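Here is how the chains run, residue by residue.
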Amino acid sequence: MSSREDILGRVRRQLGRTAENAASGRAAMERHIAARAPGPRGILGNDLVGRFREKSAALSSSVEDIADLAQVPAAIARYLDSHGLPPQAVCWPRFAALDWQAAGLRVESRPARGTDLVGISGCFCALAETGTLMLCSGVDTPAALSLLPETHIAIVPAARVVAGMEEAWTLLRRESGELPRAVNFISGPSRTGDIEQTIVLGAHGPYRVHILIVASQ
Amino acid sequence: MQVRSMHFKARAGEKLADAKLQVNLGRSKSKFVDKRAHAILDLEDFEATREAARQLRDLTLKDLDLWLERFEQEATRRGATVLWARDGAEVCQLVIDIGRRHGVSKVTKSKSMLSEEAGLNQALEAAGIQPVETDLGEYILQINDNEPPSHIIAPVFHKSKEDVSALFARTHHLPPKTDIQELTREAREVLRPHFLSAEMGISGGNFLVAETGSVALVTNEGNGRMVTTMPGVHVVITGIEKVIPTLEDLATLMRLLPRSATGQSISNYFSLLTGTARSGETDGPAHMYFILVDGGRAAMVGGEFAEMLRCIRCGACMNHCPVYQAVGGHAYGWVYPGPMGSVLTPLFAGMENAIDLPHAATLCNQCGVVCPVKIPLPDLLRRLREKQVERHLRPWSERLALNIWSWVAQRPAWYALATKFGVRYLNWLAGGQASIPVLGLAPEWTRGRDFPAPEGKTFRELYAARRAPRREASR
Amino acid sequence: MRVGLFVTCLVDLMRPRIGFSALKLLEAAGCEVVVPATQTCCGQPAYNSGDRPNALALAKKVLAEFEDCDYVVAPSGSCAATIRSHYVDLAGEEAGLAERMAKLAAKTFELTDFLVNVAKLEQVPGKYAGSITYHDSCAGLRQLGIKAQPRALLAQMPGVQLREMSGAEDCCGFGGSFALKFGEISAAIAEKKCRGIAAAEADAVVLGDLGCMLNIEGKLRRMGVATRVLHVAEVLAGDAGQEER
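Protein chains in written order, with my numbering: chain L, 153 to 369; chain C, 1184 to 1658; chain B, 4 to 248.
Pulled out of the complex, with its shape left as it was, chain L reads as follows (with noise of 0.2 Å):
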């Protein structure tokens, strides 16, 4: 026997599991599934681009709001001096378009390598009960661009924050309908607590997070 059958098995016979009660478990099943139901909620207000923002600058993320997709190249110039940082970086392609040479960047359209510093992504949400970026792996959002660099700025338009995680299941169903293979949730920069329970910024994602809300896209 398999241990996929003896497994099963050993689970149905404790669960008393019949052909009829299977029938019927399973139609309970599909329609728990199709309900989707929601669970209790935390609480919040109806400024959700200021909860977004509240909370992200509680998690040690920079954030700045500027007005359109145009100004962000000299948004990140800024950021990228005032950091003293090197004025490159690798960014999604749907960024590619930007004026980033009159911003004085170098800034390239591809998957990020170990020696990359900064990374520009967009986001395809952002959750403002905890202070959140959704992020979809996917071809032209490839998933390392938010992980390896040590810095990951992120392009959040205002009118893609949403309360919290259900709206963003509920808004991915609608416009994507099969799961991306990751689905990312990114709060902030990354941190461990392992030595002594003191919180250290920086463990093996990027040390800085910084979001640029975008007020119209």
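A few of these clues could be false.
Claimed, not checked - Covered stretches of chain C (in silico footprint by chain L; criterion: 3 or more residues with CB under 8 Å from a CB of chain L, positions within the stretch not fixed):
| hint | region |
| --- | --- |
| 1 | 1234-1245 |
| 2 | 1336-1345 |
| 3 | 1448-1457 |
Unchecked claim - Some chain C residues close to chain B (C-beta under 7 Å, calculated; not the full set):
| hint | residue |
| --- | --- |
| 4 | E1197 |
| 5 | A1592 |
| 6 | Y1598 |
| 7 | A1601 |
Claimed, not checked - Okay, derived cross-link-like pairs now, SDA-like style, lysine to any residue, Cα gap no bigger than 20 Å in a straight line:
| hint | chain 1 | residue 1 | chain 2 | residue 2 |
| --- | --- | --- | --- | --- |
| 8 | C | K1570 | B | E96 |
| 9 | B | K110 | B | V121 |
| 10 | C | K1218 | C | A1200 |
| 11 | B | K150 | C | K1218 |
| 12 | B | K195 | C | E1273 |
| 13 | C | K1245 | L | R178 |
| 14 | C | K1203 | B | K195 |
Derived by calculation from the structure, the hints in this document are not laboratory data. This one's a predicted model, so the numbers in the text were calculated from it and none came from an experiment. Just so you know, even glycine gets a beta-carbon here, dropped at the ideal spot from N, CA and C.
We have chain L already, so just place chains C and B on it with the hints.
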């Protein structure tokens, strides 16, 4: 992992006497207890969220076979291979087979308690595959000769930064650092090349989502993402009880898990992984495997201890346990310490191997009131004690004492006589003092504290005496 | 109201005066109090040790002795909780027994809970002048919700100065047989509790359970700390001395 729970009492004694450990354990209140209490305040209704979590866990466990089949179907459809392992030995064999099939010489690992149960690292090394732990705490344990973890969320809770500093200096052959920030940076630099060169990544799974065939990973460091994004092969090892129905159910549990574990409203990184890399994707594994492990879980389904299967491995119970706070995790002798470990170890590793664990509790229920899925831990511990009695595993002296007490307590005349003498004897031992410093009958008590002297007469006799003259007067 | 006083074995053996204080309080609340003469033990030691047969035998005895009372009151959170929360479990499948145990459970109360919520005592008979801190026993707190009740009654005494300790709700380390099986760990937990008591800088620590009382008193004395250890019944009944400053 080898079971050492039979040495609980002796090890507990050592831990109580370990002054450095006691300092480290003292961090429990501020770092875990207080933070958690603060973090639940921004939920609309914490108790309602707990109840919702309990219900969805019970709903799944009630039809666990069906939910597992559903998960397997979805995961397979999305390109993963779903394998099943009866026990730790099978886990190791399956992982080694996968490693050999894909020509793997190095594996990066993010946290998996199941892999601890199975002793996976040792098995990989014996098979010529190098495992590298990447969770900072687990890495520290690995380089310390594969020391076992002492807490399920904070594996080196028992260590000070000086311990880590000395260990790093010895292992990395670099000058010792004492600043925690610098130590963390050093670990990052040492581990980075491994992340980029390993052919296979092994992770645990906080939850398996049946609706989508996905695994949810909760981490803070980024190592979970590294381990599941960079290598060409990703293996998920987790217990069969981890399956949950929908993405909405996942969101509910994610409101409770980080808050209960570390007092965070969400973990730094929370990833939902579904299947293999799509064509054109530059990141992500080409091959994904799930190893669903029984290891004693199937036998608990639908039984007297089924509630324990709700556990989402947050660690809140041990953080709030006065016994854990006093002795730490290593005394428990296996993978899982504290209240949840005292229930799981006898059930997974054999009741005879962990006789003391269910008794090493005051049944205070400080654990139960914080458990995010409302597991009635003291009731389960008591039920394990009942099992021990049924299987004649208790010492004869204990059985005798309980039988004598019960026999006498059912016979009021005997009871009155015995207690009259008993309290007079204790009173005499006290010799007029308020307490007795040494009591031969109860050495465990008096080694650490005095035994207060009784008043010298029983309530029974005093009450009878008070009523007697009144009865006389009313004649 | 015909109230059966469940004295508890530890009060009977170690601190009879607490039984008399409880009696005084119930009479002050206007209750007719009966004290079944054959009562001994609620069976908790056997129950918590996993010995169901012995526990059940004692539970049946308690049922027989107290079934006819309107209420059953005990000066102990853990004994009241055993009767209230666990007797039905012990009854198991035995015909009709679970129902009778459920009825008994519904009318069994810990003393301060009874005085506040059932008898609605408006003025406790005793006087006490001094500073106290309060230890919330685990069984009373987490099984029966005893927290506000003793404090409400103590607030009826103008001479009482309540200084809450940090960790008032933390376990004292008694745990019944735990103290006898794992004495070292038990004493370590007790030490932490006693340090909290000492830090509150009160003349006395007041509590509602004999197990905690003996444990805490024994540890304080071994530590050389002179804080008095009093049962809440003694204080409320005015039997703890210290009526004036």
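Hints and how they fare:
Counting residues of the region 1234-1245 of chain C whose beta-carbon sits less than 8 Å from any beta-carbon of chain L gives 5, enough to reach three: the coverage restraint holds. Given as covered by chain L, the region 1336-1345 of chain C passes the check, having 7 residues with a CB less than 8 Å from a CB of that chain where 3 are the minimum. Requiring three or more residues with a Cβ within less than 8 Å of a Cβ of chain L, the coverage given for the region 1448-1457 of chain C holds, as 10 such residues are present. Hint on E1197 (chain C) is violated. Least Cβ distance to chain B is approximately 10 Å, over the 7 Å limit.
At about 4 Å, the closest approach between the beta carbon of A1592 (chain C) and any beta carbon in chain B falls short of 7 Å, and the interface hint on this residue holds. The restraint placing Y1598 (chain C) at the interface with chain B holds, with a minimum CB-CB distance near 5 Å, inside the 7 Å limit. The interface hint given for A1601 (chain C) is violated, since its Cβ lies 10 Å from the closest Cβ of chain B, which is over the 7 Å cut-off. Proximity of K1570 (chain C) to E96 (chain B) is assessed by CA-CA distance (about 18 Å); at most 20 Å being required, the pair is judged to hold.
This hinted pair checks out: K110 (chain B) and V121 (chain B) have alpha carbons roughly 10 Å apart, not beyond 20 Å. With a C-alpha separation of about 28 Å, the suggested pairing of K1218 (chain C) with A1200 (chain C) is violated against the 20 Å cut-off. A hinted pair counts as satisfied when its Cα atoms are at most 20 Å apart, and K150 (chain B) with K1218 (chain C) does not qualify at roughly 23 Å. Taking the CA atoms of K195 (chain B) and E1273 (chain C), the gap is near 45 Å; set against the 20 Å cutoff, the hint is violated.
Straight-line distance between C-alpha atoms of K1245 (chain C) and R178 (chain L) comes to about 12 Å, which keeps the hinted pair within the 20 Å bound. The hinted pair formed by K1203 (chain C) and K195 (chain B) meets the criterion: a straight-line CA distance of about 17 Å does not exceed 20 Å.
When the structure is compared with the earlier hints, violations turn up for hints 4, 7, 10, 11, 12 and for no others.
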